[in-house]
Amino acid sequence: MTAQALIQVLASGLLMGLIYALIAVGLSLIFGLMDVVNFAHGEFLMIAMYATFGLVLWTTLDPIVVAPLVVGLMFCVGAFVYVAVVRYAMRTKANAGMVQIFSTFGLAILIQGAAQYFFTPDYRSIKTSWLGGHTLDLAGIFLPWPQIYGGLISIAAFAALSLISRTDFGKALEATREDQGAVALVGIDRNKVFAIGWGLGAALVGLAGTVLAIFYYIHPQVGATFGTIAYVTVALGGFGSVFGALVAGIIVGLVEAITALILPPTMKAVGIFALYLAVVFFRPSGLFGKL
Amino acid sequence: MSDATLSSLKLSGDAFLAKRRRQLMVAAAVFAAVACLPLGIGDVYLQNVLILTLLYAAVSQSWNILGGYCGQISLGHALYFGIGAYAASVLFVNYDIVPWFGMVVGGVLSAALAVALGFMTFRLKGHYFAIATLVIAEIGLVLVHNWDFVGGALGIQWPFGADSIWTLQFARDKVPYFYFALGLLVVVWLVTYVIENSRWGFWWRAVKDDPEAAESLGVEVFRSKLAAAAVSAFFTAVGGGFYAAFVSYIDPESVMSFRFSLLFALPAVLGGIGTLWGAPLGAAILIPLTEITRSYLGGSGSGLDLIIYGALIMAVALAKPEGLLSLFTRKSGGKA
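Top line first, the protein sequences correspond to chains V and P. My numbering puts the first sequence at residues 1 to 291. My numbering puts the second sequence at residues 1001 to 1336.
Okay, chain P solo, but in the shape it has when bound (with noise of 0.2 Å):
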């Protein structure tokens, strides 16, 4: 049983909404300094690598719903984001339709997607689960890889536009997306929060901790996995539509290939699955080491910066299976 539901047990009434008010503060007090680091961070390449690093905090907290509270580890997701980039990218460029639009249709188009794969792929456990995952995900990018009506193999360029808060387009000032990248997370980490203490919450950890127990206590096994998949996809695809109006142009490789899927499950695995923080803590830190690590050391495709995001990923793996987090959480850490 994950730490929150024991501790939940554990606390009286009070003590359990005074620790969820305390969440929440801590939660407004982390915002409001992220927040402020555009003011003292004036440098385009730092701005960008903030960006990409709220914007995978977002959707690796949006994977984590699926693959952290309900445990159905997802090697797929970037599908969800692929679908996200393309739909945006879509409506706003052959039918200018503005990307707010768009990435709220890619969202509902990957919600709806996930739910019917979900009658397919639920049956299955464990590696199968992760591997059927991997496999519906490859099928998405071969397919988009040969449909001409969006841009094929080529993709899609963004037309150069005005500056425009409705189209999302920004030639100079990257803040705008900043702002945009922290709302996404902000409105993700709310929605966990509040997941996290309903019914769904509970149910899902339920699902991951003994399927079977939990169905013979009435928990609907099936349809909490179908919703979890939904609102986890959703997230997802909204990611996946800014980024596409942040980079301006986008190929299938460049948003739906493996590489994404196994992005998107990192931070939250290295930080700790299943927790409030540690998706955020774990772009915090693996985004901009490698952003950093490829710019100073990648350069003509030396692979020194793989070796070192590699042994990275496998330190942390084995040397903090419950993620980093549980290094911030030491007092109610006791092992359960």
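One chain only, chain V, in its complex shape (with noise of 0.2 Å):
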């Protein structure tokens, strides 16, 4: 194999990994501030992927002009689902670790089934977009632009995220996380940071899914797909770290373009996987990890 195409194989892998990274990022952050893993976090993309659709379909504009009104549904819908099922779910003094798992849970069947009664088990591709199907040639290093727009964003997403985190709302983020009884003496009104926290999640899974529905097929199941990858990521990374889902998105986004040239394509995932395993054997909360 010759260097170049090494490059080739580590800058797609790269690119993918930053996505990755953008998909799990939500699902860290949820985390971190009340210790919730959410099990339809998977379906929160396949929303945004199908909201990108569908607008793109329905206005005639661009996917990358659509994606600030899908972000800012996506906000909504998270903030839906803490305030409809997740505050109950916290509430709960019998089982809580179960609840939240199976609560979620059935919300993600839920919502998959929803998908399918509406929009059919079908798969569906936005056919025409600016960024989809051309590629940037660079110096003979082929990169396909939607991946390239898909890096970027989420870069200046997780900028963004480190900005945040200096605000005054980053601040009772950060409080609530800290001490849950403590903040209500202050007058944050926890349930209020913690519908934002959800909403914040969400949007963030649902950017990443604005840039997947350029290049990616959307169907009712995506987002098993992609979820596994976002629990492995968050894993990796540890539980509730920004900064830990950011490298290990990067990590498995190069690791499983590196599996991909040496085992057959079915079995990318493996690589990913015992990547994991190995580390967390090592490293049992994972590479950033509090617990």
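No wet-lab data here; the hints were simulated from the structure. It should be emphasised that the depicted structure is a prediction, and the values quoted were computed from it without experimental measurement. Even for Gly, the Cβ is constructed at its ideal location relative to N, Cα and C. A hint or two may mislead.
Claimed, not checked - Simulated restraints on C-beta separations:
| id | chain 1 | residue 1 | chain 2 | residue 2 | range |
| --- | --- | --- | --- | --- | --- |
| 1 | V | F118 | P | S1254 | 26 to 34 Å |
| 2 | V | C76 | P | F1149 | 50 to 58 Å |
| 3 | V | F282 | P | V1191 | 31 to 39 Å |
Hints are included, so try docking the two chains, each in its own frame, into the full complex.
Okay, structure coming up:
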């Protein structure tokens, strides 16, 4: 294999890794805030992809143009799910862990069923867009524009997240994560912070959905594929760590690309999973986890 | 602390023994009543639903040993189910070894694997553990997909042969499968019943409630988890072997996908984890409902069955977090 081919593989792996990081970071953020794993995270991604598809079809605008609308919509979806489901799941005294897993898992099945009911199980794709199908030729290394756009969006989102952590809201998030009881005493409404946290988490994975919709097939089960990768990414980086999600996402993208070189394509997930197991064997709470 | 531990502390020795005897008698009555069902139900479709219900009750009860009693939430039990199904199928189809033996081989292999994997995963806590089990099962699924010796993605078809209790092949009459599934449930139930009040049972609940405190009191936390995992994996695999004989055709997706891991946990969670009757009760509600919504509403993949199914899981998880069994045991339910 030539050096150029290797660079090609690593560059595409890196771009995909940035997109994985963007998919995973919302999950990690919500966990860090309130110790809840959202098992419907992949389904949030699926909703965003269908929303992008539908808006593009309806308005005939480009996916990039409708993206802010989808992100705003996903913020509402996330906040709504917190208010309508998770708030109740957190109130239970018995079997708290189970209730969280299975209430969000039930939600995931419900969303999948609804997608199948309203949109049929058919595979959809956005046929024409500004970026779709175009590649950048960088001295013999070919990179698809949608992935480049995704990588840049991801970097921008992580930069924005690090800025948010310095605002008053960011401080309220951090304080709520530290001590839920104490923040109430200084006038922070815990439920409001949690709802906004869920909105933010869903908006981030929604942003990833607007990118994926450009170059990936859209169908009711699409969330399951990316959902599993998101859980592995978050566990690898450490639950609750935003920086961990970024690093782990990039690692996952690179390892996946390299595995695809060595093993048959049907086994490309094995590389990621094996790496994850190797890491948690030595670091049980992931690379940057606090637990 | 769980209800059972508390109430067993409150009761004196005699009352405690009486309670245990009563539990056995209730079980005998329930299982005897279930055993009479095929007398009144001749419809093959309904018989199939009953068989699946009993099978899921048995496998979910096995999951419950590790997940409910010991508190280690596995989202990867499809791995053990798959090993059981594949062991029975490969041994029967390639080597003419009867599935009775194949199931036990699958069970032993699964138990050994569960112990080996336990050395790695039982150091993980909470969500990290659950996700590790999910990932390991996914690796198993991908490997089986790419392993030609066991049929790869195509799977294994059992040959059609004469009806026989040895080969567990019954082309028309489903009733023998019903009694095998019921027998498996009875065995797993009895194992749970015996273990519940053995040293292991108390250790498991201690590990579940507070591992650090248990450790400091001399409970061998790590070994307790390994033992629970081995027992749980063994019976899950036996269930898988039976399932393969029952459906006569398996492929990786139909026995090892993530969906199954959840399907094994769900009945126990809905019925009440860490209890003797939670998993059977959960299965008795969930499986007929799944099968019936699927056949009446799921035609042409409309998704309506999934909507109802998902909503039901959410509703039970949120409304009855301690499981549906708590509806029946109100007198001891005065929250501790």
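Here's how the hints hold up against the structure:
{"no.": "1", "hint": "V:F118 with P:S1254: 26 to 34 Å", "result": "holds (27 Å)"}
{"no.": "2", "hint": "V:C76 with P:F1149: 50 to 58 Å", "result": "holds (51 Å)"}
{"no.": "3", "hint": "V:F282 with P:V1191: 31 to 39 Å", "result": "holds (36 Å)"}
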